[in-house]
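Novice: One letter stands for each residue in the lines below.
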Amino acid sequence: TQLLEQSPQFLSIQEGENLTVYCNSSSVFSSLQWYRQEPGEGPVLLVTVVTGGEVKKLKRLTFQFGDARKDSSLHITAAQPGDTGLYLCAGPPGGATNKLIFGTGTLLAVQP
Amino acid sequence: SAVISQKPSRDICQRGTSLTIQCQVDSQVTMMFWYRQQPGQSLTLIATANQGSEATYESGFVIDKFPISRPNLTFSTLTVSNMSPEDSSIYLCSVITTGPSTDTQYFGPGTRLTVL
Numbered sequence: 008t009q010l011l012e013q014s015p016q017f018l019s020i021q022e023g024e025n026l027t028v029y030c031n032s033s034s035v036f037s038s039l040q041w042y043r044q045e046p047g048e049g050p051v052l053l054v055t056v057v058t059g060g061e062v063k064k065l066k067r068l069t070f071q072f073g074d075a076r077k078d079s080s081l082h083i084t085a086a087q088p089g090d091t092g093l094y095l096c097a098g099p100p101g102g103a104t105n106k107l108i109f110g111t112g113t114l115l116a117v118q119p
Numbered sequence: 535s536a537v538i539s540q541k542p543s544r545d546i547c548q549r550g551t552s553l554t555i556q557c558q559v560d561s562q563v564t565m566m567f568w569y570r571q572q573p574g575q576s577l578t579l580i581a582t583a584n585q586g587s588e589a590t591y592e593s594g595f596v597i598d599k600f601p602i603s604r605p606n607l608t609f610s611t612l613t614v615s616n617m618s619p620e621d622s623s624i625y626l627c628s629v630i631t632t633g634p635s636t637d638t639q640y641f642g643p644g645t646r647l648t649v650l
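The listed protein sequences correspond, in order, to chains A and B. For what it's worth, our numbering labels the leading residue of the first sequence as 8, then goes sequentially. For what it's worth, our numbering labels the leading residue of the second sequence as 535, then goes sequentially.
Hints may be right or wrong, so weigh each one.
[Claimed, not checked] Cβ pair distances, simulated, as ranges:
#1 Asp-637/B x Val-62/A: 16 to 26 Å
#2 Val-596/B x Leu-65/A: 37 to 47 Å
#3 Glu-592/B x Ser-14/A: 23 to 33 Å
#4 His-82/A x Gly-574/B: 15 to 25 Å
#5 Val-62/A x Asp-598/B: 38 to 48 Å
#6 Thr-564/B x Ser-37/A: 11 to 21 Å
Please keep in mind that the hints were generated in silico from the structure rather than gathered at the bench. Beta carbons: idealized from backbone N, C-alpha and C, even for Gly.
Just chain B, with the same shape it has in the complex (with noise of 0.2 Å):
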């Protein structure tokens, strides 16, 4: 199993600033992921977060909008840049493990973003 902690867990920001997101794990894992969801909604992945080179980015989302960084196995950021209304959301984090028959993926608890 995996147990993940964002850091914060909510946020109001003013349009044109920036914030980053945090995301530990308790353990070493090799692929950790990014996740944007509208309240009572479903969950879109923006990319994926590789250890020691450049994130993957889904369609519709670009480096510069969402600098991600890994530094190590058990840590992630992801920047949130140049903030609009539109980006407010729930930002999660989230990593799989590799099980003896089956992965499993795990989720953080999120960070409610409000932009004004």
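Bound-form chain A, shown alone (with noise of 0.2 Å):
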């Protein structure tokens, strides 16, 4: 079974601090995909990683897949309230192209 860990589980920080979000697993996937949802709503989808050592950069947020495409992790740069949420990343798993499996999740309050 694929399993994807992530840490922290939890984090809160103050404004305009940095922070790094850790997405392992044993296996291989062929992309990664990082979510964000906040309470009351579904997850919605930040960023898709398929090419091992890939980097993107989504204004304040960097997610980089590792180069054995068994881990990815996302970098926010001088965090704000808004950045407040639950992350998740998530995979195909076993090389299926129809369904996801997710991470165990990273809670990130962002205090003002």
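With the hints in hand, could you dock these two chains into one complex?
Specialist: In structure tokens form, the structure reads like this:
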């Protein structure tokens, strides 16, 4: 069974600080996605990474896919209260193309 | 893109009863899914809702407990049957749309279920 472990599980920081969230697996994934979920809403896709070593930037968010495609990281620069939410990585298990398994989640709170 | 609505948004139910959750999409989609999520935790896939055939259930989930209907390409229902407090959770509908270079998964806002 493929698992995606995220760390840390919880993170509470002050506005303006930087942070990194990690998503790790012992299995290779053809791609990984990152989602953010706010209370009372469904997850919203932030990015998809498909190539080992790939780095993608979305404003203050930087996503990296590990060279071996077993891990990914999300780095947020100068966090803002609007970044508060549950961050989830996800990937297709066993090369499946039509479903995802989700990571254990990282709950981020950015205090003003 | 796809806009997904779910009904009800939340409900409080008694043990032993059943609740049917509706999912409506604003466009025709082939792939529809139902997930369960404990608040603040990750998502677990319950089943894939197939149009015109029985749903495909993941390990640990069975049709008798979570019957699913998919009458057309824009609508699906999930029923949580014979509920117990352990079924208290958020239930999310999701679809995949195919783009020019990648597929994108969209989620509904979820149905928060509390079983007393």
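Novice: Mind checking the hinted window 37 to 47 Å against the Cβ distance between Val-596/B and Leu-65/A?
Specialist: 40 Å, holds
Novice: Indicate whether the distance between the beta carbons of His-82/A and Gly-574/B respects the range 15 to 25 Å.
Specialist: The hinted range 15 to 25 Å holds for His-82/A and Gly-574/B, with Cβ atoms some 22 Å apart.
Novice: Does the Cβ-Cβ separation between Asp-637/B and Val-62/A fall within 16 to 26 Å?
Specialist: 22 Å, holds
Novice: Between Val-62/A and Asp-598/B, does the beta-carbon spacing fit 38 to 48 Å?
Specialist: 47 Å, holds
Novice: Evaluate the given range 23 to 33 Å for the C-beta pair formed by Glu-592/B and Ser-14/A.
Specialist: Given about 25 Å between the Cβ atoms, the range holds.
Novice: Return holds or violated for the Cβ distance of Thr-564/B and Ser-37/A against the range 11 to 21 Å.
Specialist: 20 Å, holds
Going through the hint list in order, the structure satisfies each hint without exception.
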